[in-house]
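Enquirer: Sequence:
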Amino acid sequence: MARRRLLIGAGATFGSLLVGVPIALEYGRPSLVQWMLERGTGPTEIPESSLVWFELTRDGITLHVPKIEMGQGIHTALAQVAAEELRVRPDQLRVVQADTARGFPAATLFTFGSTSVASLYTPIREAAAAVRSMLELAAAGQLGVQAQQLTAADGMFQVAGSERRLAYSEVIAAHQGPWQEPAERPVLRPAGEFTSIGRSVPRVDFRAKVLGEAVYGYDARLPDMGYGAFAVPPRFGARLESAEAGDAAGMPGVRQVVVDVAAGFAGVVADTRTRAWAAARALKVSWSEGTRVDTAALEQQVTAGDGVVLRRDGSIRSALSQGRIVAAEYRTPMAAHAHLEPLAALARVEPGPAGKVEVWVPTQSPESVLEDLHAALGEDRPVVVHVTQLGGSFGRKGGQHLAVEAARLSAATGRPVHVGWTRDTDLRQAFYRPPTHTSMHGSIGPDGMIRGVEQHSAAGDIIWAVAGLPEPVRSLLGFDPGGLLGLFLPYDLPAYRLVNRREQLPVPTGPWRGLGLLPNTFALESFFDELAEAAGSDPLTYRLAHLRKSGEQGERLRTVLRTAAQMAGWGESLPPGRGRGIACSGDVGTVVAVVAEVDLSGGRLRVTGIDAAVDCGLVVNPAGAKLQAQGSIVMGLSSALRESLQIRDGQVVSDNFDSYPILDMADTPPVRVTFTGGGDVPHGMGEPVVGPVPAAVANAVHAAGGPRLRSLPLRL
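Our numbering applies: residue 2 is where the sequence shown begins, and numbers increase by one.
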């Protein structure tokens, strides 16, 4: 089940039960929040047949992976999981991306929230074991022995006690008739016998990417293809009121102008991309006013204060009535996804109201593309979504409306049409990480321990901004599910109260890597350092003292904190102007601690090293997991040090990386990663590590003798 469907369903159900019962809602909301955090994304819908996953041909076995490869290496990790139960090496599998016609439920293809390997770990093992059982039964018949006499390894069956053997490809070539699923679920391989899971292997897409053979959305091509472009609104909230061809129709290379004011669309098809965009700019269009908001007004709107109570532990009034009071406020700005590949899509629409629609599109959510295409072109059309490689996403390609625009142009022209945004359009016509504001008050007792913390948080929408839940229900709930990640202090406190304010902003916001994890953790872990300082305690010691004495979560956090500190040489002296900071957080079953070391001696903030300890459960591919962690850290550093999307007159000011700078190689420090924990199942890796990075850097700045920095990006 897709995250948005679970959260929408949960929110709608809970909200409908409590409409008109404000007292029950006031006291029931924290329970709903806790249920959502524990429940997570819900179960993944799995196809009944194992042969949806695997294609058996004379050339060997092809694994059709339902999850989307965005550079995170999940096709490799899932190939390792499948290879384990098939008794083959990962390089003996051909791995391809499943499309929506393969037989997987569309929602299962939705790739998000660091859940791909974790959610498919058991289902793909079971499917692979079932396929091996089918092959084993067929091989036994071909060899004239009992299946129990066969052993399997490296894609080969061998009769025990003899030299007789058959390769899987030979078994498949000789097989007659349909394959039969085993009547009983096959026994899975014990962890102690793993030969693939837990080992670093080369990526399955390495060769294709090195040779330039991997097809991204921008690379997709079909014969007789045209290039499309369309008019984009001048500012957020503007709507198309009228459109005519104007000078565009007579421009060189323009083949057709397509106008549908009711759909808010005016576009062109030309023989090159450059000519298409030039013609789109020449269309005669008029727009409604839209918003004139700027960054200052948005930050003023997103100000913590009144809201709904999401956590209520102990008596916060009593806790804050005595002891030493510490107060601070933190802000994070809007941020762009800044993925390497701008949005792109290729569409081919057959003529007629029931003509087939095919799109080739880099998207995290093929289901959303299916729904959008049916809504735009008609429910009677068969639609197939082919997912290309993604040149980054981080939440931005959760849907992909360019598939609809390309399909509109293809339907109008009767030929395939490719639409690819330019960098400036991609930056200015996107949705963004919403701004946040957090106000914290804490009380420290005479023993130096925290008596209680009151937290007021405010942010724009994340999930609700891209998911269709009626606004009355959203308002009734009073929070956005995406903002829950990292929102709660992970420590054992006598009293804790959290008040949340959800703001509807006049600019588009939505999911950004980790959702609320990075901005929330920045505020909470920065404030915890301030509490430690007020108590006269070492930040690491103070954290360890406030973790729960029993329970798995507290113990796992204790382990990663100690490990990261040991890696970084915590407690060792540093030269003047240098300092270390620590922060931790947890998400999707994974806990992380990060230690940052900074140097302020040159009058500027320079991060000189990052040490991270990660407990993500079972690590399927250590090399791939390490790269995921390092990528998250670099993205967290970029957000901490550079990124701030500015709005002026209802428009994004930035149009490229010169005006929206991201972290470059010269300022990227050494990043060291260690995995702790282990276990029987994997947890998420794509997003959890990004959370503690800005807080660790900000805490290091203060430890180095710099000011307390409470806003991103960090500026001395």
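Hints in this document: simulated from the structure, not taken from any laboratory.
Remember, it's a predicted structure, so these values are computed and weren't measured experimentally.
There's no promise every hint is true.
What follows is a list of derived Cβ distance ranges for each label pair [stated by the list, open to error]: (1) 318 <-> 560: 30 to 40 Å; (2) 567 <-> 656: 43 to 53 Å; (3) 200 <-> 149: 20 to 30 Å; (4) 313 <-> 183: 20 to 30 Å; (5) 247 <-> 123: 24 to 34 Å; (6) 551 <-> 376: 15 to 25 Å.
Where a beta carbon is used, it is the ideal one built from N, C-alpha and C, also for glycine.
Enquirer: Check the following: the C-beta atoms of residue 551 and residue 376 are separated by a distance inside 15 to 25 Å.
Expert: Taking Cβ atoms as reference, residue 551 and residue 376 lie about 51 Å apart, which means the hint is violated.
Enquirer: Holds or violated: the 30 to 40 Å window for the beta-carbon distance between residue 318 and residue 560?
Expert: Given range 30 to 40 Å: holds, Cβ gap about 35 Å.
Enquirer: Given the hint of 20 to 30 Å, is the C-beta distance from residue 200 to residue 149 inside that range or not?
Expert: 29 Å, holds
Enquirer: Within 43 to 53 Å: is that where the Cβ-Cβ distance between residue 567 and residue 656 falls?
Expert: Since residue 567 and residue 656 have Cβ atoms about 45 Å apart, the given range 43 to 53 Å holds.
Enquirer: Using the Cβ atoms, figure out if residue 313 sits within 20 to 30 Å of residue 183.
Expert: 51 Å, violated
Enquirer: Quick check on a hinted range of 24 to 34 Å for residue 247 and residue 123, using CB atoms only.
Expert: 58 Å, violated
This entry does not satisfy hints 4, 5, 6, going by the numbered hints stated previously.
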